[in-house]
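> This is what each chain is made of:
There are 4 protein chains.
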Amino acid sequence: MQRMKQLQVAMLGTGLIGDFYTMSLHAQRSRDRVRIVYSRSPERGAAFRERWGVADSTTDLTAAIEHPDVDVVVVGLPNFMHQEVVGMVAAAGKAVLCTKPLGRNAAEAKVMLDAVEKAGIFAGYLEDLCYTPKTLKAIKAVRSGAVGRLTGGGAIVDLGCHCIEIIRNYIGKGVRPVEVMCHADTLVHPIDDEDNAVALIKFENGAIGQFEVSWTFRGGMDLRDEVAGTNGTIWVNNFLRTGFEMFSAGGSGGYVAEKAESEKGWLFPVGDELVELGYVDMFSDMFRALESGTAPQETFYDGYVVNAVMDAAFRSAKSNRWEPVELFEWRGGVAPRIGAGSKPEMYDGKVVIKREILPDGRHKLILKDPASGDFLDRVVGGTR
Amino acid sequence: MQRMKQLQVAMLGTGLIGDFYTMSLHAQRSRDRVRIVYSRSPERGAAFRERWGVADSTTDLTAAIEHPDVDVVVVGLPNFMHQEVVGMVAAAGKAVLCTKPLGRNAAEAKVMLDAVEKAGIFAGYLEDLCYTPKTLKAIKAVRSGAVGRLTGGGAIVDLGCHCIEIIRNYIGKGVRPVEVMCHADTLVHPIDDEDNAVALIKFENGAIGQFEVSWTFRGGMDLRDEVAGTNGTIWVNNFLRTGFEMFSAGGSGGYVAEKAESEKGWLFPVGDELVELGYVDMFSDMFRALESGTAPQETFYDGYVVNAVMDAAFRSAKSNRWEPVELFEWRGGVAPRIGAGSKPEMYDGKVVIKREILPDGRHKLILKDPASGDFLDRVVGGTR
Amino acid sequence: MQRMKQLQVAMLGTGLIGDFYTMSLHAQRSRDRVRIVYSRSPERGAAFRERWGVADSTTDLTAAIEHPDVDVVVVGLPNFMHQEVVGMVAAAGKAVLCTKPLGRNAAEAKVMLDAVEKAGIFAGYLEDLCYTPKTLKAIKAVRSGAVGRLTGGGAIVDLGCHCIEIIRNYIGKGVRPVEVMCHADTLVHPIDDEDNAVALIKFENGAIGQFEVSWTFRGGMDLRDEVAGTNGTIWVNNFLRTGFEMFSAGGSGGYVAEKAESEKGWLFPVGDELVELGYVDMFSDMFRALESGTAPQETFYDGYVVNAVMDAAFRSAKSNRWEPVELFEWRGGVAPRIGAGSKPEMYDGKVVIKREILPDGRHKLILKDPASGDFLDRVVGGTR
Amino acid sequence: MQRMKQLQVAMLGTGLIGDFYTMSLHAQRSRDRVRIVYSRSPERGAAFRERWGVADSTTDLTAAIEHPDVDVVVVGLPNFMHQEVVGMVAAAGKAVLCTKPLGRNAAEAKVMLDAVEKAGIFAGYLEDLCYTPKTLKAIKAVRSGAVGRLTGGGAIVDLGCHCIEIIRNYIGKGVRPVEVMCHADTLVHPIDDEDNAVALIKFENGAIGQFEVSWTFRGGMDLRDEVAGTNGTIWVNNFLRTGFEMFSAGGSGGYVAEKAESEKGWLFPVGDELVELGYVDMFSDMFRALESGTAPQETFYDGYVVNAVMDAAFRSAKSNRWEPVELFEWRGGVAPRIGAGSKPEMYDGKVVIKREILPDGRHKLILKDPASGDFLDRVVGGTR
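Residue numbers (the numbering used here), protein chains in the order written: chain A, 1 to 384; chain B, 1 to 384; chain C, 1 to 384; chain D, 1 to 384.
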């Protein structure tokens, strides 16, 4: 039987980022596990252990890093600790993954880079937003030539370090950033720090990267990439509407979008086809159910009911009538009528069927008079 | 150290569905593996083994099912073989997962259901489209009451069996389907079989499920769910635009959408937040790189460059000027100017700057005369 | 000088539909006017006259119809009056336009049809939703062959009569509807009438029209057309998102979409290009301002400011610095800083910078401590 | 009878902009008309006259401006002529409307502003993109406080002068622009002029306007506005997808969006409700048909057919069967079956039912064997 390496992780930090990292490391049928967690506080360490089924916790940073089972150390600590802690991991000779931003400035980042290179250890920069399935697919499309040569790329999200690396992935990591122009201001919050910024990055080949960061966006999380090329355009909305739109003038000669009928024009690629079509979650559910001795979401009885409905559909397609669904037994319960027991909204003794807002702010009510059976419209003030 | 069970799979069938299932079973950092593959053809079996790194292949169905390492048998064979093969797996006492549709009709499905229940084995129905992250999240929202009581649900995709089970998941599996009305016709393809159908399913509580199936859709893959409730509406487009839109009149008292600012009104939930934010792909890339001794997509050098760009941005925000990006060394190559070496489209001795299609089908050209430096418009025939 | 015929209208009815019709008849720079309005109630007639600048009102139906200035009679009365009133207009020999539905049933509609044909008068059926700019453009695209032969068309809105005629316009008015299958039910409102229905219409050539009507839709106004053809697909959302999406496999040989780069693939036509680009509203504003002796929205001073900003932009593009906007005088007022006088949301003595909803319903606060200047995250309960 | 003033226009220029302006001036039931057109070329003048039904054309600029019937002069000439021609119109004491940009620089614009102010004539700046129905509605929403105080606004289209004035309308014309930072470059076209630019405008109150202009956009016409406020967000796509999305945290106390169920959260306003619902085009069609003695798109016979279909639907809802549509006569023709006479795509003796592009670029064919009646999948190379 095939032996498969399981990686054991020391998670440093129990904040939200430690939670997100651990959820991701344990996601679906992952073979890897967090082995030990470090927190300054024994209580937070214990709670984290409990929350994620982690074997050990410790308040001793060195003990976590040097734990003999641990292959990889994940640094999820505040920025000011990155330099020191990466140095400790380098000294221990373990692989290290560090959250973003790497340092508080380039000088710190340079010290960390030197440390891991000198120690010869594996070192990864945990820039999650460069790995969204849509961004990965979009970068692949750019590399395949689907949009021609890039003239510009932009990213919008709440932290500049995300944006910069997203842009570098699109423009190409081999294209040197040469100059930056930035405007930052404190527009909303009465604090000393900027809450809005917009910046331009000039690259060696003339391409312009543009990013906007804001702590004042209203309406959810604004996480968008926009790419302009000589032969096409890419718009990715990773979060709010989860869209991915690409125009390609064609000519790349390679793969552009799955299940499209064409390789040019406007295309709507899918980030991760297997995920979006449900295959990954399906097998996770099946195997989790099998291991835990419970029923999966989709059972053979469900498959049987589907067949029974299809049988009725085939009969109906021939008979041109409603056909009964014949089931040898019904394992669900009894469902009352949808409207049973509901109280209608009343207005002036009539049932309110629908309420619309008119251009002048008043409301139009469509009413039914239970006595006469008549319908009538009534325009009323807008306070509900 | 924590012991983690790895499930070993016998994959029956080497067609496209076998490929998709195997890719999904091996996805990301999965601990599970296909152990042996069955195909009627030794060549196809060998190619499959090679393609997916599977240890063994066989042309003997019984050998695949009864292989001592195998915990789970996945049936990815043509429909007419399901009944017989599920019977064989039941006899072998292994867990079985069967592709959709379960049987060719309810009678066959009933035989399979009886077989697995009598044998007491785990049996899962592989209906992938009920497991798309957006559908799972939408079903969860429905269960939490976000859209009130369901009055109807619909699904559009190319096979009726998918639609029926998607609808059942929304309406609730405990709500009995009682009658079906179906219209099917052969509209496009000169074959005896239907290429278009639309059907209605009446449920016990009055809810109506509606599905459309078509083998003649133009423009990609049309995979949509629509749900109407007394307090809200859900529209899911799983594939073509990958959108998820929900209106909730509120009052469910539970979780509705992540990172929203409100729990009512139009909301745009994300199928699987960890996936969409890139965490899962990020750790997969890191650990794959670590195991294979290669560099990950995001290295410490990348983190350093980001810091250097941010340093320049902070300086620029203060100086109000373009500031250089200072790098101790540049590890990328040299990138030529974007337009270098490109040949412009010419028209009548002028450079074509832009081409637009006019309402009458003619093209408007914006031209630049290289001699005079003047710009001019020219309207020409539409044949490019 | 060119003489232009102005049509004078008698508006019968002062309800919402009379308001909408009159606003439309008087829209933009329209030369036509409502001359007289009929209402049973003198008060409602007077209010309507006042509201829309109509010369006369009357409670005498015959007087309104037979008014000597009136060219066209618009019937905006309750359904049960249509047959009688259309008969009166026919007798008077005036042109008649009647709101939808024409009759309460086909027998009534037949009587009206006979009346106008016998009288030889102009008679129009006021089915506004067949005239939405997107529907008109989509029908034109269908006629030009952009989506091939239609296999089906559907419409969703709150009244069946709208849907039926929208579908007929797509399928082709020369294609005979032969059979109907309808399911209607009272799902939500405790009334005797249906509040939800879905129906299929079979046309002679095999095409299927499908419509859904609902008085229980939540989230605004659902007004969508969907068209399936052998070579393409059309999705129109007239109201809620105002989108228009078309896939064409090409080959129609005619005009498909303005300003597209291609005539096949996914296209995004615009309903009425002149309207959407602002030309129509621009001239209406200009001429209205000219006639009323007021300033238009866009004045020469505005044009001057734009030039001054462009001058600064050109200087900046050369100097690579921020350049001042030089204005010979500033005619606007003085604007205070955006955040001036605003009170921040506080939490535990810290400023709340941002608030996000977590998957478990709790809220994550990003806080700034005004004393130390530090940022911190805090996860709190979800009750705001 | 009500007298309605008709404005007579002198159109200067017969290029595309003259065509668009004239189409708009004559749109729908407009009472205004172009009376005379000026062109340097008698042939172009005559063609324009013919094209738009204009009474006169001339090659004499003064004659056009001073024509006794003319109330308003529209300047649609090249930029370098604006200053001189506006001076001539001012001297003639007529109202003047000038296309964008007003001058080639602020100094020219100042001369024109002085000329019209000294002459005391009406002067309008023809900035059409500030008048798109969506932009007008969005500006109204901003003014009503729906998104709070604006922190930034941006516009994307192909000319900077459009963007600047769109931004000023959002930010508020009373807020002084103080500084500009611009980056412009020639990235694609081998010409001396910039083909891409991005600029920031600082306003007195701290708000930042941002615009991007490009002559190299691929995929149609990119015409978008984005507005960020302290209490909301607006995204308008005027052309490519014609969307309008607004988030409002509420509290404006005024009208936000028609037919919404709420006044906060994500809302989808409609630019011009009467236009989008079809009312304006409906009456235009009716009155045009009446005047020209032709049938309108929607006749009483159509209304009758709708009633007959509804009758069948009501019968079917009761009988639960397909019910025939009973028509006293059928005025349409005879329509052959959709698939009649079509030749299927064949592959290896089988009918090709569907063709999908796989991730590796190969095509998956779903085939039907006419002999056996079996369906089969076949994966083939991607060259169609």
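Worth double-checking, as some hints may not be accurate.
Pairs involving identical chains hold if they fit within one copy or between any two copies, as the list cannot separate such chains.
Pairs of lysine-lysine residues, derived as DSSO-like cross-links and limited to a Cα-Cα distance of at most 30 Å, are as follows [unchecked claim]:
| id | residue 1 | residue 2 |
| --- | --- | --- |
| 1 | 264 | 140 |
| 2 | 264 | 94 |
| 3 | 5 | 94 |
| 4 | 140 | 173 |
| 5 | 118 | 343 |
| 6 | 118 | 264 |
| 7 | 118 | 364 |
| 8 | 343 | 94 |
| 9 | 354 | 140 |
| 10 | 5 | 318 |
| 11 | 94 | 118 |
| 12 | 173 | 343 |
Since the hints were derived computationally from the structure, they do not count as laboratory data.
> Determine for every hint whether it applies to the structure shown.
Each hint tested on the structure:
1. 264 x 140: Answer is both; intra-copy 16 Å and inter-copy 24 Å each pass.
2. 264 x 94: Close neither inside one copy (47 Å) nor across copies (48 Å); limit 30 Å.
3. 5 x 94: Both. Shortest intra-copy (16 Å) and inter-copy (26 Å) distances satisfy the 30 Å Cα cut-off.
4. 140 x 173: Only inside one copy: residue 140 and residue 173 sit 13 Å apart there, 41 Å across copies, limit 30 Å.
5. 118 x 343: Neither: 73 Å inside a chain and 47 Å across chains, both beyond 30 Å.
6. 118 x 264: neither (47 Å within a copy, 54 Å between copies)
7. 118 x 364: For residue 118 and residue 364, the Cα distance exceeds 30 Å both inside one copy (73 Å) and across copies (39 Å).
8. 343 x 94: Neither. Shortest intra-copy (65 Å) and inter-copy (49 Å) distances fail the 30 Å Cα cut-off.
9. 354 x 140: between (49 Å within a copy, 27 Å between copies)
10. 5 x 318: Neither. Shortest intra-copy (57 Å) and inter-copy (50 Å) distances fail the 30 Å Cα cut-off.
11. 94 x 118: This pair counts as within: shortest intra-copy Cα distance 13 Å, inter-copy 52 Å.
12. 173 x 343: Intra 62 Å, inter 26 Å, cutoff 30 Å: inter-copy only.
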